[in-house]
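> Okay, here's what each chain looks like letter by letter:
Protein chains: 2
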Amino acid sequence: MPLVVQKFGGTSVANIERISRVAQRVAKTYDQGNDVIVILSAMSGVTDGLIELAHKAAEEPDKRELDALLATGEQTTAALLAIMLKSMGYQAQSLLGHQAEVVTDSDYGNARILEIGAKRLKHLIDRKNIVVVAGFQGYDIKGNITTLGRGGSDTSAVAIAAAVNADVCEIFTDVDGVYTADPNVCPKARKLKTITYDEMLNMASLGAKVLQIRSVGFAKKYNIPVHVRSSFNEEEGTMVVNEDSGMEQLLVSGVTHDKKQARVTLIKVPDQPGIAANIFSPISEAGILVDMIIQNTRKGGKTDMTFTVPKGDFKRTMEITKKVALQIGAEEVLGDTDIAMVSVVGVGMKNHSGVASVMFNTLARENINILMIGTSEIRISCVIEEKYTELAVRVLHTAFGLDAEE
Amino acid sequence: MPLVVQKFGGTSVANIERISRVAQRVAKTYDQGNDVIVILSAMSGVTDGLIELAHKAAEEPDKRELDALLATGEQTTAALLAIMLKSMGYQAQSLLGHQAEVVTDSDYGNARILEIGAKRLKHLIDRKNIVVVAGFQGYDIKGNITTLGRGGSDTSAVAIAAAVNADVCEIFTDVDGVYTADPNVCPKARKLKTITYDEMLNMASLGAKVLQIRSVGFAKKYNIPVHVRSSFNEEEGTMVVNEDSGMEQLLVSGVTHDKKQARVTLIKVPDQPGIAANIFSPISEAGILVDMIIQNTRKGGKTDMTFTVPKGDFKRTMEITKKVALQIGAEEVLGDTDIAMVSVVGVGMKNHSGVASVMFNTLARENINILMIGTSEIRISCVIEEKYTELAVRVLHTAFGLDAEE
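Read top to bottom, the protein sequences are chains A and B.
Throughout the first sequence, residue numbering follows the numbering used here, covering 2 to 407 in sequence.
Throughout the second sequence, residue numbering follows the numbering used here, covering 2 to 407 in sequence.
Hints in this document: simulated from the structure, not taken from any laboratory.
Heads up, a few of these hints could be off.
Chain copies aren't distinguished; within one or between two, either way the pair holds.
Claimed, not checked - Derived BS3-like pairs (lysine-lysine); straight-line CA-CA distance at most 30 Å:
{"no.": "1", "residue 1": "K123", "residue 2": "K261"}
{"no.": "2", "residue 1": "K143", "residue 2": "K123"}
{"no.": "3", "residue 1": "K120", "residue 2": "K388"}
{"no.": "4", "residue 1": "K120", "residue 2": "K64"}
{"no.": "5", "residue 1": "K143", "residue 2": "K120"}
Construct all of the structure, not just a fragment, from the sequences and the given hints.
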């Protein structure tokens, strides 16, 4: 009998009416002859509300205690869904993180899953129960409650799917799949039937926020097919799968954009060993996430160093960087928040050198100046002026043959 | 070093400001050189809100799942208090029911504590932590979350105090102790310095609602001194202790009243074996709690049977009883909701036969008719017409020498 893991996010369980719709959907899947494990997030807004409450209690709430507090959100929705399923006549049972044996490290607020025992989970499934697991939470070996960080329920779902060897992990969300570009920006964007784990890894971090990035890594490692689909309709969404499954082989699978980054440049940095560490250690110690880093070579033992950080951290980053610049003898620090990053992503480009030139030429034709370039094996990203974002996405989408047919 | 268990109820932790006051109080106790374990209830209203939510999810919510849902209330307050204490510079840690090893049976919603491991609790106390335990909750041997029923945090507190061999269990509440009568009814009522477990057992069930009745049984069994005191001031409250502690030996310790009962009488019931079972089995199966039962002897093999039930269950009880009356051939069923029960309680009356006659004479002098009489070893209760309740309490209070000095 097929074993399906279904994960529903915060907007899908935002109130009793929506939880009731989830119950219908879960029941239908079960009635179709599947074993079903459900992973739930907290009602949308609840986690933020609890964080706010904790910050009223203390300026910097203790992390262990904050996790114990936050875990109540998923405990609530899991219990409520189990209550509904039982009242509909189904055998159902909720399990909290520790009851589902989701063992994590002790990095409160951002814990990593070490293993999932799932003994009880399997036992319940063998006895035809629908099991409802509170997502986002686990426990460390000492029995402390931990949480997995923002969007952690996706990771819970994929990890549990891996532990029980599920046939598919369905992620229900408020979009109906992964698109070739943001449809709000690019009207010709179309839904992908399939996408590879690697493409998702490169898409997710760039702004096509349908899946927590860590969950994709998990899915790839254990080769769990992930089905991203809408909780509001019955349509097929997008399957995230391994590359060698028979799938459409596009050169480029999608164009993504990200307006949430700011750019910082150090001018004329002495080009010597250890200098990068001098710059980025204090930034990382301040908890600021650096995304792209570019180092240009200059003449005369000096180099320019440019990097991007979230816009919200821009001011702090500038302060830190200016201090560092003095220490290391850099000439100047420049900053810019009016930028955006556009990227093209696709496993097809692995063995194809032409993608970069198509991208650069396409942008050039529109007189869009490229401020920074970064690449990974299956992604090319350009930082441009923010005002050109939408135009850039649309022309790249057309250039790589992604436009939906009229 | 003295080990103090402090329990704070829902009104004491109703919001962040009040939790902050609790934190101050706990810190003060710790600073005075005590080891401190804190037991918390959920914020007032939260448990009821969750029950309401569950009833929106299903008409009859599954009991296991309801307990998992309700347990979030105490988890929230425990984490918030620990967050505050830590931010104030104290070593503090919250523990949930299963983390504090509160093992119960599987009677969801009304579970009984079987044992408390308390290994981790003791470990933390040995290392000078203030431990904040979520009250009201435990877990069964299969690892399911259970709750202890209304007011269960009192029982949590006393049971944990027993498990760690605490010197005292302080119950903080919105009254400042146990009074000889309800001060709202009897202006001359005064606060008792001490009261015995047995007296509390007889008081609590009769309406002086300061402690969950089960917690008193626990305290008695393990001989835990319980200090009932106000969370709003620093005054000494009332110590609930064993009889043989040197204490004021009053004939009667208090006068209580209860207006929440209704009376049902079956007239001319055939007086034969098994008849009481015929009457009370269907009532108990309907989940209705019968309090006092009186059976009068009549002539001719017929008897009258009178009993009291909560007013809220009166209508249902009448329906059930009328059906039963037909089956067993009773003549008539009478019902009355305009009644009240007044009781005098005191260990002193154990070896003193005069209490009953003083009570009856006192009521007679005011022309208060006694409708039913019931007694326990240390209590005499009379059911009277409701309108005389306040008068009865005051004259009995005076008659037994309980009035505060002017």
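> Give a verdict on every hint.
Structure-based check of all given hints:
In the homo-oligomer, the alpha carbons of K123 and K261 never lie at most 30 Å apart, since the shortest distance is 42 Å inside one protomer and 49 Å across protomers. Taking identical chains as interchangeable, the C-alpha atoms of K143 and K123 lie at most 30 Å apart whether they share a chain (23 Å) or sit on different chains (15 Å). Proximity of K120 and K388 under a CA criterion of 30 Å is satisfied in neither setting, with 54 Å inside one chain copy and 62 Å between copies. For the identical chains of this complex, K120 and K64 are neighbours both inside a copy (29 Å) and across copies (23 Å), given an alpha-carbon limit of 30 Å.
Within a single copy, K143 and K120 get their C-alpha atoms as close as 19 Å, and across copies as close as 12 Å, so both meet the 30 Å cut-off.
When each numbered hint is compared with the structure, violations occur for hints 1, 3.
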